[in-house]
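Visitor: The primary structure of each chain is shown beneath.
There are 2 protein chains.
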Amino acid sequence: MTHAHRSFVREILKVTEDPSIISFAGGLPNPKVFPVPAVARAAEKVLSEAGAASLQYAATEGFRPLREYIAARYARRGVKVSVDEILITNGSQQGLDLIAKALLDAGDAVLVERPTYLAAIQAFGLFEPRFVALPLEEDGVSPSAISDALSEHSPKLFYAIPNFQNPSGISWSAEKRTAAAALLERSDTVLVEDDPYGELRFKGVPLPPLGLAPDGSGPASWAVLLGTFSKTVAPGLRIGWLCARPDIMESVIVAKQAADLHSNGFAQRVLHRYVTDNDVDGHIAMIRRLYGRQRDLMVEMVKTLFPPEVSCTKPEGGMFLWMTLPEGMSSMDFFDRSIREKVAFVPGQAFFTDGCGANTLRLNFSNADEAMIEEGIRRLARVFAGMRSGAARAAEAKA
Amino acid sequence: MTHAHRSFVREILKVTEDPSIISFAGGLPNPKVFPVPAVARAAEKVLSEAGAASLQYAATEGFRPLREYIAARYARRGVKVSVDEILITNGSQQGLDLIAKALLDAGDAVLVERPTYLAAIQAFGLFEPRFVALPLEEDGVSPSAISDALSEHSPKLFYAIPNFQNPSGISWSAEKRTAAAALLERSDTVLVEDDPYGELRFKGVPLPPLGLAPDGSGPASWAVLLGTFSKTVAPGLRIGWLCARPDIMESVIVAKQAADLHSNGFAQRVLHRYVTDNDVDGHIAMIRRLYGRQRDLMVEMVKTLFPPEVSCTKPEGGMFLWMTLPEGMSSMDFFDRSIREKVAFVPGQAFFTDGCGANTLRLNFSNADEAMIEEGIRRLARVFAGMRSGAARAAEAKA
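Protein chains in written order, with the working numbering: chain V, 1 to 399; chain C, 400 to 798.
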């Protein structure tokens, strides 16, 4: 299964390398939001001020001023985190690998949302756990499903993306967060709370992390929080972080040191310089407005051009819509036909560990510009209509 | 054992963070060789020319022009490698982690040189192999030791650093390379050939890699070659590479994708710009001259100030000397006393998987400037003399 996932995703990425294809497949930010001149100024400043120190080997934990900045940002959200509870990683993806390496043994159970983030299945999958997928409802995973899974499987990890989940766009409600936290508090399971999209909220009020300590301060003893600058600044710098209590952190740092000694020190300093010298909140607000408009456009186009039996989420933030075709239709088939019309998306099956989701698909709305979104959804709707009338004709012929 | 290694090294690194300490402990390049202004020009050019593309998500395999450059550099040494046989990693350290993840199962045997590189023990150690250490003679590991180990342990991997090994400074002779290659060719063991120091040769003629295909072209089907820009350009960029045939490469790429999607794209482009726009060979020649002088000075100081029963290697390149104290003396004890005099090194025991080497130690000669080398070795000799006379007095008192 995991192997099939890998080759499938690589196939899709290969297909979408063709620049003539309108791709809603990847999870890429829109490159026009990357602060190129500001990063250039930051790089220049780092090299002229810190000089050789910025190119030397550095601490495994990461560049301390950057870790302080991350702690201060948590504090603004009311989450009190000490600098020692933060490790810099190569994007939040590496957080998954390090946690798996530090905590997972072959055969351990890992709870995931259903559907869940593909590359998490890949990262954990290399350590050969048993995946147990808990259905994602409109507002998160139900407490009874979590409770049953905890007692039945004694899982080592529970992996969740409570804000604007990839692939579904779903966010957990405050009630479901509180209920899940109460259950995890009493279990030996470690929550891995991934939050790459939390800052990309178009409306509504942000909720605190699920994995908070009971007194509401730092991460809970049973939680690891992951974060990243990939969606708020730029993914090419590969800078994310992992936040955990000292006992978990200790083994994660050992894994990080073994993995690559430390993350790119130059990029860490450039990023730190960038966030220090620029209006980051203003920058993120600009990204929110842009992606919000792109989401509105894509949702509107889908509503207008697809028949009502095709449903589509309208998430309050993030980068993805989740579309459900009528029961019995295959999104793989839809993909094959769409790619001939030079439009790509990810068939939903890739996000399930149990082969389900054959009639679902994920659409990214952040990467393509508005004109491309219009044209791409138009083509998809045309392909869909063709599939439907073909199916109708086939049914008639049979009858 | 592995756990002891970890905490030990972190302890040492913590101690050496004190700027008043003369440290021969780390494996750090001398920061004065980092091409800071040239890297600044490269960064400026990348951002003004490639712009947002340099900050976007990128291919797992790495930035293709940089991979082409690496292939061309191999070609100059007579090793024909295709671009698809090269994967960019976060320093060569990550190559160890990816290989272990792709190929190692718990309980597999891993051959290592004795002594061997500490962080390789750490990287492989997380996957719980059995280490089998083969004594490193003056010119490599003896064919009979390799042959016996191959048939007795059917190891999955053989990890070796044939040029200016860390920690010993030893290089393999042409005879021992040829003999090892012939044995590995007939086995199912994969050679992991680490070569961080090969370009830092002060005299003599470079030898081709041990893990070459029989026709002398690319890597052998049973070999993985690791390389890095950490010692020739700068370690802070965290850019190394892994070179292997497609069947091994395939599973390594899957592991890389799961680990962190891809290496820092901005740093890869900056490095590529740097090597394209600058006289890299001239730069490396400058490093060679500097480190060669520093080695000469350190060897000379040791010879002059220590008694003849203390032996010390004089490697033809690299960054390390390996010192052997008289039998029965403890380099841990020597370390504890030296640190009080504010000089650090790494006690040799850390580089053994079997607890041996209690009277050995590693001295780095690349990082400290000449004045520091003189002063540091002077202090070490004084501490050593004190230990000896203390031991003599204790023996007298006993008698």
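These are calculated hints, taken from the structure and not from any lab test.
None of these values were measured; they are calculated from a predicted model.
Warning: the hint list may mix true and false statements.
DSS-like, lysine-lysine: derived pairs with alpha carbons at most 27 Å apart [as the list claims (entries may be wrong)]:
(1) LYS303/V / LYS314/V
(2) LYS741/C / LYS431/C
(3) LYS444/C / LYS32/V
(4) LYS45/V / LYS602/C
(5) LYS14/V / LYS32/V
(6) LYS203/V / LYS80/V
(7) LYS602/C / LYS431/C
(8) LYS444/C / LYS45/V
(9) LYS314/V / LYS176/V
Over the 10 Å line for every Cβ pair with chain V, so calculated as not near, a few chain C residues [what the hints assert, rightly or not]:
(10) GLU443
(11) ALA508
(12) ALA684
Cβ atoms here follow ideal geometry from the backbone N, Cα and C, with glycine treated the same way.
Visitor: Compare the structure with the hints numbered earlier in the document and write down the numbers of the violated ones, lowest to highest.
Guide: 4 and 10
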